[in-house]
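Student: Fit chain B to the given chain A structure using the hints.
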Amino acid sequence: MNTAAKQFVRDATRLSADLRHRGLIQTALGKYEVKRDEMKARFRDWERARQLAADTKWEAINHLDQYLDQFVRQLEARGTRVHWASSARQARDLIRGILAARGARTVVKSKAMTAEEIHLNEDLERAGFTVVESDLGEFIVQLRQEPPYHIVFPAMHLTRGEIKDTFETRLHDAPSDNPEELTMVARRVLRQKYVEADAGITGANFAVAETGMISITENEGNARLTAALPKTMITLLGIEKIVPRLEDLALLLPMLSVAGAGQLLSGYNTLYGGPRQPGEPDGPEEYHVVLLDNGRTAYLADAEQRDALHCIRCGACLNVCPIFRNVGGHTYGTTYSGPIGSVITPNLRGLPDWKHLSYASSLCGACTETCPVKIDLAHHLLQNRRNASRVKPSWWQKLAFKLFAPVANSQLLWRWLVTKGGRVGQVFHRLVLGTRLDPAYAWTRTRDLPPIAPQTFREWWRARQNGSAEAGDARNAAKP
Amino acid sequence: MNERENILGRIREALRFPARRPGSHGVTEGKTALPTVAERREVLPPVSSSFDEQVALFARNCAELRADFKLCRDADEATAELARLREAEGWSRIASHRGPQTERAVTSLGLPVLWTEGGYDKHELERCAAGITACDALVAQTGTVVVSTRTGGGRALNVLPPHHVVLATRDQLVPDLPAAFATLKERYGADYPSMISFITGPSRTGDIERILVLGAHGPKKLTILCV
Numbered sequence: 207m208n209t210a211a212k213q214f215v216r217d218a219t220r221l222s223a224d225l226r227h228r229g230l231i232q233t234a235l236g237k238y239e240v241k242r243d244e245m246k247a248r249f250r251d252w253e254r255a256r257q258l259a260a261d262t263k264w265e266a267i268n269h270l271d272q273y274l275d276q277f278v279r280q281l282e283a284r285g286t287r288v289h290w291a292s293s294a295r296q297a298r299d300l301i302r303g304i305l306a307a308r309g310a311r312t313v314v315k316s317k318a319m320t321a322e323e324i325h326l327n328e329d330l331e332r333a334g335f336t337v338v339e340s341d342l343g344e345f346i347v348q349l350r351q352e353p354p355y356h357i358v359f360p361a362m363h364l365t366r367g368e369i370k371d372t373f374e375t376r377l378h379d380a381p382s383d384n385p386e387e388l389t390m391v392a393r394r395v396l397r398q399k400y401v402e403a404d405a406g407i408t409g410a411n412f413a414v415a416e417t418g419m420i421s422i423t424e425n426e427g428n429a430r431l432t433a434a435l436p437k438t439m440i441t442l443l444g445i446e447k448i449v450p451r452l453e454d455l456a457l458l459l460p461m462l463s464v465a466g467a468g469q470l471l472s473g474y475n476t477l478y479g480g481p482r483q484p485g486e487p488d489g490p491e492e493y494h495v496v497l498l499d500n501g502r503t504a505y506l507a508d509a510e511q512r513d514a515l516h517c518i519r520c521g522a523c524l525n526v527c528p529i530f531r532n533v534g535g536h537t538y539g540t541t542y543s544g545p546i547g548s549v550i551t552p553n554l555r556g557l558p559d560w561k562h563l564s565y566a567s568s569l570c571g572a573c574t575e576t577c578p579v580k581i582d583l584a585h586h587l588l589q590n591r592r593n594a595s596r597v598k599p600s601w602w603q604k605l606a607f608k609l610f611a612p613v614a615n616s617q618l619l620w621r622w623l624v625t626k627g628g629r630v631g632q633v634f635h636r637l638v639l640g641t642r643l644d645p646a647y648a649w650t651r652t653r654d655l656p657p658i659a660p661q662t663f664r665e666w667w668r669a670r671q672n673g674s675a676e677a678g679d680a681r682n683a684a685k686p
Numbered sequence: 149m150n151e152r153e154n155i156l157g158r159i160r161e162a163l164r165f166p167a168r169r170p171g172s173h174g175v176t177e178g179k180t181a182l183p184t185v186a187e188r189r190e191v192l193p194p195v196s197s198s199f200d201e202q203v204a205l206f207a208r209n210c211a212e213l214r215a216d217f218k219l220c221r222d223a224d225e226a227t228a229e230l231a232r233l234r235e236a237e238g239w240s241r242i243a244s245h246r247g248p249q250t251e252r253a254v255t256s257l258g259l260p261v262l263w264t265e266g267g268y269d270k271h272e273l274e275r276c277a278a279g280i281t282a283c284d285a286l287v288a289q290t291g292t293v294v295v296s297t298r299t300g301g302g303r304a305l306n307v308l309p310p311h312h313v314v315l316a317t318r319d320q321l322v323p324d325l326p327a328a329f330a331t332l333k334e335r336y337g338a339d340y341p342s343m344i345s346f347i348t349g350p351s352r353t354g355d356i357e358r359i360l361v362l363g364a365h366g367p368k369k370l371t372i373l374c375v
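If you read the sequences in order, they're chains A and B.
When you line the first sequence up against our numbering, it's residues 207 to 686, in that order.
When you line the second sequence up against our numbering, it's residues 149 to 375, in that order.
These are computed hints drawn from the structure, not numbers from a lab.
Bear in mind that the values here come from a model prediction, so they are computed numbers and not experimental data.
A portion of the hints provided could be inaccurate.
[Claimed, not checked] Mimicking DSSO-like on lysine-lysine, the simulated pairs with C-alpha atoms at most 30 Å apart in a straight line are:
id: 1; chain 1: A; residue 1: K437; chain 2: B; residue 2: K270
id: 2; chain 1: A; residue 1: K437; chain 2: B; residue 2: K368
id: 3; chain 1: B; residue 1: K369; chain 2: A; residue 2: K237
id: 4; chain 1: A; residue 1: K437; chain 2: B; residue 2: K218
id: 5; chain 1: B; residue 1: K369; chain 2: A; residue 2: K246
id: 6; chain 1: B; residue 1: K369; chain 2: A; residue 2: K437
[Stated by the list, open to error] According to the in silico footprint, chain A covers these stretches of chain B (three or more CB under 8 Å from chain A):
id: 7; segment: 182-194
id: 8; segment: 248-259
No residue lacks a Cβ here, since even glycine has one placed at the ideal position from N, Cα and C.
Looking at chain A on its own, in the form it has when it is part of the complex (with noise of 0.2 Å):
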């Protein structure tokens, strides 16, 4: 196992068990499924939604080129300056020359996945700049020198005491473990850092083509002081983020409310079309639009797992999968968690290194229930392990097909070693079970083993039509 695969285990291991994080992610997923459930059954037809939702999106992306022109098209004609990076590298080296030449020290920020993608505060701080995280949640982290813990909730993991204590030790303000309280220390901070700051940063949720705007939803209203008061304002947002027209959003915003975060509409959707504009009394003396490949063309290129692209980061699949439940945020190493970022990450990093990622999963398809894009995210964690099986085969897995294949294929060979042996093995399995001498160890150690049933479908189906149907239903009936 690689390093990556290690931690996994190491952390999916003790967190599984762990039932204080466990009750935590329980009670906030809890309140969160109520109020999506009660938002969805607002909507007239919250499946056929999905469907055209996922149609918008579908266009977007398999038409990518001519809407990214057009996007960037329209927002050159309002003064925004378009940068293009291919890597994160770039992207960061684009930031910071931007800040460099505008003269800027302070830098205030709204919520984005992107810019935890590409490291960008650790490079920005490196390079001397002050940056402060403007979402509560992201503020709180932040202070905490952790990442954040979930796509939309990020400081989800931690109680309101160890928030108080956070404050307590890091802002020298904390007057009680009110969230009300500790809500108003953070406003206090922040409001100064708005008002101070010489730059704001932001993300994007969509980015609309047709009229050359990107939009932002939130709810503290973080991200609209953020776009406001600063005199340089940037977004840094993925390829992928355009929708084809302004009225996609009329669907599109409602959808990615309800699915991320239980809400019908989210506090503030804001477009932003460029800087400041004449007559207008406020905003950026300059706006600077970067848009970030970063892998997402190679992905592109997959057809196959190209609807990955369609993702609007709502976090829904990482609030109903049973592994992010049990195993938390942080374990999976990764900046996007949960289905999909098991999905992306071995794809963006390297099947090699992040494969494990595909496995880490029941196959239940709640994901892909859930996706209010429609991205069929069970189906493509299996093909991430068959694509990684390819990549680098498995001898032993070789072997143990080799050795299968012609017992699965025989009805004499499976009814003698399976059928029969495996009743006959299993009671001998009894002496060594949940031992260390157990072959099975790795899965007795904390699971039960089902006994095999005593009679076969074969063998009970031939019972039955030979009139004695009802003693065998009896017999299955007993032993369960």
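Tutor: The following block gives chain B in isolation, referenced to the frame of chain A:
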């Protein structure tokens, strides 16, 4: 090398192979079918065509979002309501922008006013007790107020002061989100403001144990007075 051409070139190369359509069981061909307004209306939450019921739906949504909504008989009642808020919250300084809806009502309060036209000092705006603005539309379906740099007095006026008061008119109420986008397109089609915001309730957060707290960064209170 020009990164724009590099990236667009890689995209064109990648798209040579078609992708299966969502929910289609393997179909890759077919004409482009972006959803129409009618199709979106068939899936979004229903809204009655009666004006009174739309007002009632907007009011219900506001109550749920903890925004204050008041339907006023006339401009005088709205002005009286503003005066009541001034007393109740002890406003000493307010901010607004000039326009037919706001100017008369705001000056009638007899308080020092920061007008945002032509620029302002952001430190001063931060010290104002309330920001009073007009709007582009009210959306019954979601309880949303649509403001832009043109109707909301810029970008900061409607989000920096702790209380945002919206002065709206009855004809600004639209039934749903598709209608709101159609209104924006009709009004600004050729020349959009640099910012358009769909404001749904006061600023909120649930980042600490998913417990709702109002006024995370933006206004703690949102009041909508409709004449």
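Student: For the segment 182-194 of chain B, do three or more residues have a beta carbon lying closer than 8 Å to a beta carbon of chain A?
Tutor: holds (count 10)
Student: Mind taking a look at whether chain A covers the segment 248-259 of chain B? Criterion is 3 or more residues with CB to CB distance under 8 Å.
Tutor: With 0 residues closer than 8 Å to chain A, the segment 248-259 of chain B misses the three-residue bar; violated.
Student: Does B/K368 sit within 30 Å of A/K437, going by the straight-line distance between their CA atoms?
Tutor: Holds: A/K437 and B/K368 sit about 25 Å apart, inside 30 Å.
Student: Checking one constraint from the list: CA of A/K437 to CA of B/K218, max 30 Å. Satisfied?
Tutor: With a Cα-Cα distance of about 37 Å, the restraint between A/K437 and B/K218 is violated, given a limit of 30 Å.
Student: Hey, A/K437 versus B/K270, does the alpha-carbon distance stay inside 30 Å?
Tutor: holds, 12 Å
Student: Take a quick look at whether B/K369 and A/K246 sit within 30 Å of each other, Cα to Cα.
Tutor: holds, 27 Å
Student: Mind checking the alpha carbons of B/K369 and A/K437 for me, to see if they're no more than 30 Å apart?
Tutor: holds, 27 Å
Student: Below or equal to 30 Å on CA atoms is what counts here, so check B/K369 against A/K237.
Tutor: holds, 24 Å
Violation of the numbered hints given earlier is confined to hints 4 and 8; the remaining hints are satisfied by the structure.
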